[in-house]
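Colleague: Residues per chain are reported as follows:
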Amino acid sequence: MPAVSMTVNGKAVSGDVEARTLLVQFLRENLRLTGTHVGCDTSQCGACVIHIDGIAAKSCTTLALQCEGAKITTIEGLAEPGGPLHPMQEAFRENHGLQCGYCTPGMIMAALDIVRRNGNDLDEHTIREQLDGNICRCTGYHNIVKAIAAGAKAMGQGEGARQAAE
Amino acid sequence: MYNFTFHRPTTVRQAAGLLARNPEAKILAGGHSLLPVMKQRLAQPSALIDLALVEGMTGVELKGRSVVIGAMSRHADVANSAVLLEAMPALASVPGSVGDPQVRNRGTIGGSIANNDPNADYPAALLGLGATIITNKRRIAADDFFTGMFSTALEEGEIITKVSFPIAKKAAYEKFKHPASGFALVGVFVSKRGPDIRVAVTGAGSNGVFRVKSFEEALKKRFSPKSIEGMTIPATGMNNDIHASPEYRAHLVGVLARRALAKATA
Amino acid sequence: MSATGIGAAVRRKEDFRFITGKGQYTDDVTRPGETRAVFVRSPHAHATIKSIDASEAKSMPGVLAVLTGADLANDKIGNLICGWMIHSKDGSPMKMAPHPALAAGKVNHVGDAVAVVIAATQAQGRDAAEKVNVEYEPLTPIIDLVKAKSGQQIHEIAPNNTIYEWSLGDAKATEAAFAKAKHVTQLDIVNNRLAPNAIEPRAALAEYDAGTDQLTLWNTSQNPHVARLVIAAFVGMAPEHKLRVIAPDVGGGFGSKIFIYPEEVVCLWAARKVQRPVKWTADRSEAFLTDAHGRDHITHAELALDEHGKILALRAHTIANLGAYMSTFSSSVPTYLYATLLSGQYDIPQIYCEVDAVYTNTVPVDAYRGAGRPEATFVVERLVEVAARELGLDPAEFRKRNFIKSFPHQTPVIMAYDGGDYGASLKKAMEIADVKGFNKRRRESARHGKLRGLGYSAYIEACGIAPSQAVGSLGAGVGLWESAEVRVNPTGSVEVLTGSHAHGQGHETTFAQLVSERLGIPFENVSIVHGDTDKVQFGMGTYGSRSGAVGMSAIVKALDKIETKAKKVASHMLEAAEGDIEFKDGKFTVAGTDKSAAWADVSLNAYIAHKFAGQELEPGLKETSFYDPTNFTFPAGCHICELEVDTETGKTEIVKWTAVDDFGTIINPMIVEGQVHGGIAQGVGQAMLEGVVYDKDGQLVTGSMMDYTMPRAHDLPSFNVGTTETKSPSNPLGMKGCGEAGAIAAPAAVMNAITDAIGSEQLAMPATANAVWSALQRNKPPQAAIPPQAA
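Protein chains in written order, with our numbering: chain G, 1 to 166; chain S, 1 to 266; chain P, 1 to 791.
Extracted from the complex, chain G is given alone in its bound form:
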C-alpha cells in the first residue's frame, strides 16, 4: 500500500493507505480524529470541511494521497487542549449556532474560510451566499449566520486574527 505523510494539526503523521482512501477516512479511521464528519456522498453537505494548507476543502472529495506533504487543520486543531476556544468556536456556542452538532465542525471550518476570503466585517447576505457548501438540518441557519458574523468580528479583534491568517 502506498505511504502518505502530512502534518495534521501541527503534528507530523504518516500511514500506509489504499490509493482509494479519502482524506476524511484517513483522518477519522487512521488518526481517530472523528470531529470531521461525513453527511453525504456527493460533496454537497460540507460536514467534512477541513483546511488544506489553510484553505477550506471537502475531505470527502480529496484523496489522502493528494495531501502528501500538506498541512491539514481539522476542528480538533483550532484550540489547544485546555486552552481557550477559537473565537469562531466561542461564537457558535454564544449564539446557539448549533443543535445536534453534526454539521458544526464543517460549519466552523467553512466559517474560517469565509473570514479568510471576505474579512472580519461580514454582512448577512455574504455569509448566506458563502455558506452554499454547508448544509444544516437543525438550525434554519439563523443562528449560524449570527455566529459567523460575531466570530469574524471577534477574530478581527485579537488572537483570532493571527490564527485565521495561519
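Note that these hints are calculated values from the structure, not bench results.
In silico lysine-lysine, DSSO-like type, Cα no more than 27 Å apart, as pairs:
{"id": "1", "chain 1": "P", "residue 1": "K651", "chain 2": "S", "residue 2": "K177"}
{"id": "2", "chain 1": "P", "residue 1": "K13", "chain 2": "G", "residue 2": "K153"}
{"id": "3", "chain 1": "G", "residue 1": "K146", "chain 2": "P", "residue 2": "K651"}
{"id": "4", "chain 1": "S", "residue 1": "K263", "chain 2": "P", "residue 2": "K651"}
{"id": "5", "chain 1": "G", "residue 1": "K71", "chain 2": "P", "residue 2": "K22"}
{"id": "6", "chain 1": "P", "residue 1": "K656", "chain 2": "G", "residue 2": "K146"}
{"id": "7", "chain 1": "P", "residue 1": "K568", "chain 2": "P", "residue 2": "K584"}
Now the in silico label distances, taken between C-beta atoms and shown as ranges:
{"id": "8", "chain 1": "P", "residue 1": "G211", "chain 2": "S", "residue 2": "L42", "range": "41 to 49 Å"}
{"id": "9", "chain 1": "G", "residue 1": "G82", "chain 2": "S", "residue 2": "S206", "range": "53 to 61 Å"}
{"id": "10", "chain 1": "P", "residue 1": "E431", "chain 2": "S", "residue 2": "D196", "range": "56 to 64 Å"}
{"id": "11", "chain 1": "P", "residue 1": "K22", "chain 2": "G", "residue 2": "G69", "range": "22 to 30 Å"}
{"id": "12", "chain 1": "S", "residue 1": "M231", "chain 2": "P", "residue 2": "V655", "range": "29 to 37 Å"}
{"id": "13", "chain 1": "P", "residue 1": "T30", "chain 2": "G", "residue 2": "D16", "range": "13 to 21 Å"}
{"id": "14", "chain 1": "P", "residue 1": "T30", "chain 2": "S", "residue 2": "N3", "range": "18 to 26 Å"}
{"id": "15", "chain 1": "P", "residue 1": "D628", "chain 2": "S", "residue 2": "L42", "range": "50 to 58 Å"}
{"id": "16", "chain 1": "G", "residue 1": "S5", "chain 2": "P", "residue 2": "T30", "range": "19 to 27 Å"}
{"id": "17", "chain 1": "S", "residue 1": "M149", "chain 2": "P", "residue 2": "S473", "range": "58 to 66 Å"}
Here are some chain S residues the structure puts well away from chain G; computed CB gaps all over 12 Å:
{"id": "18", "residue": "A16"}
{"id": "19", "residue": "R65"}
{"id": "20", "residue": "G148"}
{"id": "21", "residue": "S151"}
{"id": "22", "residue": "G157"}
{"id": "23", "residue": "N207"}
{"id": "24", "residue": "S214"}
{"id": "25", "residue": "A235"}
{"id": "26", "residue": "I242"}
None of the values given here were measured: they were computed from a predicted structure. Positions of the beta carbon are idealized from the N, C-alpha and C atoms, including for glycine.
Based on the hints, put chains S and P in the right spot on chain G.
Modeller: Relative to the frame of chain G, chains S and P by itself:
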C-alpha cells in the same frame, strides 16, 4: 470507490507517458468531478495521474489581447485573479459561480472542461468567448472542442495545459442555479468582440453547451437586450428533469440572455 | 429568575464537545475487531427473488460472511412491526404485512435489503457486495398512491393494497351541515413526500459478548428503550435483559430515528454469528433509499360556510402512502396525529375525515417532524385562506371570526383544547410583520416587476404525547408516559436519568436548568444521563415535542419526592418536626427559627445515615417517577410569510418571516427560538424546495443531495420570532412543546403567500421556480392588484 494506482508526475511529458502506458488511467486535476463519480462506482480507472506537482500549469496571464489560464488553476484563484478582474471581469464571474466555496477552492478549469458536464459553467464561457484549448499536442477551438454531453474532442493521451480567451470588451454571464446541485440549471454567456457576437448556453441543452445562432443574428444589429426582446428558443432538445421542464429551460435561455446583455452593456 | 434557572437563555452544556470535535456519534464509536456490514439492496421496486449466489463474494478478501433472508428465517429472527393498531371503518384490523429485516423471497422497494456482507473493511464489503449475484423476476410496481388500490397486489394480507380505510367524525351530521351551507370551498391538496435527511446518517454498531451472552447495540436512535423492547420482544433477537441499547450523541432525527430499522437488527444478528463487532453506517444514498420518508398524502378537502362567513363544517378524504412496509408508528400518523387536528384554531361544529392508507413499492413512510399535524394544518389553513379569498373577506378577519375563544373546547375530532389565545398570537404577529404596511410594499415590488404576497398560517398542534390511557384506547401499543430518576450524590451534586433522549434539543441544558432552580444548586452541579438502557431503566424517547411537557414533568415529580425525603433527613439533623422544615434556595430551615442545613449537608447526611435509624428512614437520596400526562398539550400560534416572486423566472424569495408562538412556559428562550428556526426551515423546504420523486418504475429520482433540494442558508431569511404565553393546565410546568411548530406552520404560510402573490390557487408543493412560472403562464397575474389583506 474501486482501487487504482496513484501517480504524481512532475512534467506534462511524464503525465502523457503514464497515460500512454495505462489506457484505463484518468487524469486527476481538482478531483471535484472525477472523485464523486468514482465514489459512486460509476467510473473505474486503473490509475489516477495527479497533475498537482506539474509545474507551470497554474496562473492567469495577459498575453496580447488574450487571457491565458493554466489548466490546473483553481476556480477560486481564477475568480479572484487581479489580472482577470481588470481584463475581463465577466470571465472571472464564471468560476466565481461554480459549485460552492470549498469546491471552488479545489476544482480546476482543466478538470471542468475535460469533463464537459452538460450543466457546468466553464463550457459556456469557452464557447461564449471563442476560447482556444491548448493541449500537450495541439490547439483546439472551443467551437470544435465540446462534442456532446460528457464528451470532448480530446484524444487519448491528450492533456489540457492551458486555455486562451480572447478579451471581449462586452461580455457577461448569467446563471440560474440548479437549486440542489449548484450547477447551472441554465447559464448564458454573451460576448461581443468586434463583429464576433456569441451567445453560449449551458445547462439547458441535452447535448451540452451550444450557441444560439438566432440570438447572435439578432444582436448583430445592436448588442442590446432589446434586440432579442420576446425571443425564445424551441424547447426541443432541452433537458427535462424534476427541476425544470424543456419549456421552462427554453424560456430561461431568453430571460438570462437578456439579463446578461443588460449586464454586458451597462 | 436566576442566571441559570427557568426562563434564562443559558448557553448549552453540550456545545463544548461539539464545537471542539469531541462529540461521540455512533460512527465515532469503535470496538476491537470491528467489522463492517454492507447491504446488497434491490435495484427493483417490485420483484421476486429467484436465487442468490454469494459464492464468489464469500471468497473475496476480508469477507467473513454473506447472509440472506433465508439465514435470518433459519435463525428465527422475527419481523419488524408497526406498534399502533388502526381499525378500518368496518371494524377490521389494519393489514400489517410481514417485514423481515432481509427480504424473504420478494423485494418491495428499491433499496430493500436482500443480503448483507460482513467484511473486515467497508471497501472490501462493497467490493464483495457487488459480487453477490441476485436473480430477480420483476413484477409490476405500484408507485402512484392514487393507483395503489387498483394495482398489482404487493402483500398477500392486503387486497387492493389497502392497509385500512379509517374515518373520524360524524359523517351524517357533517353532510347535513354541508347541505345548509351558503358557500363551499373545495381544494385538492398534495402533501409532498419528504426525505428527512438528518445530517448524521443512520448507523448501528453491534457487539456480542459470548462470555455473558450479552448483546450491545450503539445506534442512532431517538428512543433506545423502545428499540430494545421491539428488538427483544417482537424480533426475538435476545431477551430484553441481555440486550443493551446505547444511543450516544445523535446528529438530528426529525422522526426518522424513532423507528426500528432492518439494519440494526441485522448488525446484532450478524455480530453474534461472526463473533465480531459489526458496524453499519449509511451513506447518504442509502439514507435516501431506506430512511422512512415523511408526509405523502393526497387530499380532497371542503369547507362549508354560512352567509356570515362562519365555518359550519369541514370534510376531507385523504389517501396516505405508507410505502412498502408499515414502519414502527406509520399507522398513527395519517390518522390520530392528523385528523384529530382538522379543527385547527377554529370553532367548527362538524368535521368528518376519511383516510385510506395504502401500500406502494416505495420506501416506508412514517413520522417526520410534525407527523400528521403539518398535513392537518396545511389542509385547514389552505382551506381557510381560500375561503376568505372566495368570500372577499380579509383572511385575518375571517380567521378571527372563526377562532375558538373559550376553553376548554371539545372539537368534533377527539381533541379537547385546554387553553390558548389565538387572537393574541395573530394580533402580535400582524404587528411584528407590519401587515398594515404591506400594501405599500406590494406596490413597491410591482414597480420592480415583482409580485409580492403575504400568507398566514394559524396553526395548532397536539403535543406532549401522550396520556397512556387515551392513546391506548386509540390503538397505541405502548403507553406514552415518561420516566425520570433523580440521584443526589453524597456531596450534593445531582444526576438526572431521563427516558427522553436528545438529538439537538439541548436537554442536558434545559433539564439542568429545571433541577438547578428547583433545588437551588449550581447549574454546573447537575448532569443529565440519557440514551443508555443500562443506565436509564425505561423511557419512551424524544419525538412529538414531548420531552419538555412529559419528560420534564417526570423530573418535577421525582424532584418533589426528593424534597420530601430530604426534608425528613433535615428534620433529623435539625431535630425538628418534619412539618416544620422549609426548603428554599438550596437551604433547609426550621420555620420560625434560625436553624438551617445546607443542601450538601443534607445530601451527605442522607448517605452517612448517622442521624436517623434505618427503621424510620432508609439511607440514600434517590427517587424515581413515571409521569403520565393528563391531556395532550396544544401549542399554537401564527406565522406570517411575506415574499416576492420574480415573474420572469418564477423564482420566489422570502423577504420576511414572522412567527408568534404560544408554547406555554419556556425554560430556555434561546433554545426554543432555535427550535422554531429549524422547524420553519424544514417547512419552507417542504413548500418550496423538497420533494421525493420516484419514476414510474419506482426508481428514486431524488436519490442524492444533487437532486433533492436541501434548504441552504441563502434559501432562507432571518426570522422574526416572538411568543405569547398561556400556560398548559395539563402539566406541572405549564409547558406545551416547541419542536415541531415551525415545520407545522410554515408550509401553509408559504403557499398562502405565493398564491396571494400570483393570484392563482393552482400550485402544488414544492413551489419551485419552474412550478411558479408555470402557474403564472396558466394564469397571467394581476398587475400589482390591491391585495385582499388591505381591502
